[in-house]
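In the working numbering, the protein residues as written are 188 to 330.
To be clear, the hints were calculated from the coordinates, so they are not data collected in a lab. Note that the coordinates shown come from a computational prediction; the quantities given were computed from them, not determined experimentally. We treat Cβ as the ideally placed atom computed from N, Cα and C, and that holds for glycine. Check each hint, because a few of them may be wrong.
Label-pair distances were calculated between CB atoms; the ranges are [to be verified]:
id, residue 1, residue 2, range
1, Glu211, Gly279, 15 to 23 Å
2, Tyr240, Ser204, 35 to 43 Å
3, Thr200, Asp272, 38 to 46 Å
4, Arg261, Pro281, 20 to 28 Å
5, Thr258, Gly279, 44 to 52 Å
6, Leu316, Gln205, 22 to 30 Å
7, Lys278, Gln205, 15 to 23 Å
Within a straight-line C-alpha distance of at most 20 Å, the following computed DMTMM-like cross-link-like pairs (lysine to aspartate or glutamate) qualify [as the list claims (entries may be wrong)]:
id, residue 1, residue 2
8, Lys265, Glu211
9, Lys265, Glu208
10, Lys278, Glu206
11, Lys265, Glu206
12, Lys278, Glu208
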Amino acid sequence: MEEKLKPDPAQDTWSMSQEREFMEKLLCSRFNFFLVFFSLVINAAVSATDARYFKIVLTLGTLISIPLALTIVRAQMKLNVALNDHLFQIKGHPAQILNDKCPDFSMRNWIGYWIPLACCAALVLGAILAWSGCLTPPTKGVG
Numbered sequence: 188m189e190e191k192l193k194p195d196p197a198q199d200t201w202s203m204s205q206e207r208e209f210m211e212k213l214l215c216s217r218f219n220f221f222l223v224f225f226s227l228v229i230n231a232a233v234s235a236t237d238a239r240y241f242k243i244v245l246t247l248g249t250l251i252s253i254p255l256a257l258t259i260v261r262a263q264m265k266l267n268v269a270l271n272d273h274l275f276q277i278k279g280h281p282a283q284i285l286n287d288k289c290p291d292f293s294m295r296n297w298i299g300y301w302i303p304l305a306c307c308a309a310l311v312l313g314a315i316l317a318w319s320g321c322l323t324p325p326t327k328g329v330g
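Build the full structure now, drawing on both the sequences and the hints.
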């Protein structure tokens, strides 16, 4: 007979600071993976030897990059909620103190929104131009 395990409320405490830490690590690891994947797609496109391979690489890269970017955007949204709506509101919390010291400059939105979206836009544009014939694989120069 199986015993039903009941969670211990004393061990099940998860603070907003821990959630912020978890979301920052998750965001950074997803962002790093996205950059590696984007770099591999660009490298494969530049290494393409024929137009068909070039189009396929850019199209598949686009189709995979967009969902990856959306997971980064979602993690950024959650991190913003944890910081802006909770931790920055607690007087004396380290996040609130640091935010008050330098409120005007944050790279969070660049990492969580703009860079992934710009990379996806570049791949979408590249795929569209490749399929329309305006963009062809680079030719290897005779050296």
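Could you work out which of the previously given hints the structure breaks and list their numbers from low to high? 2, 3, 5 and 6
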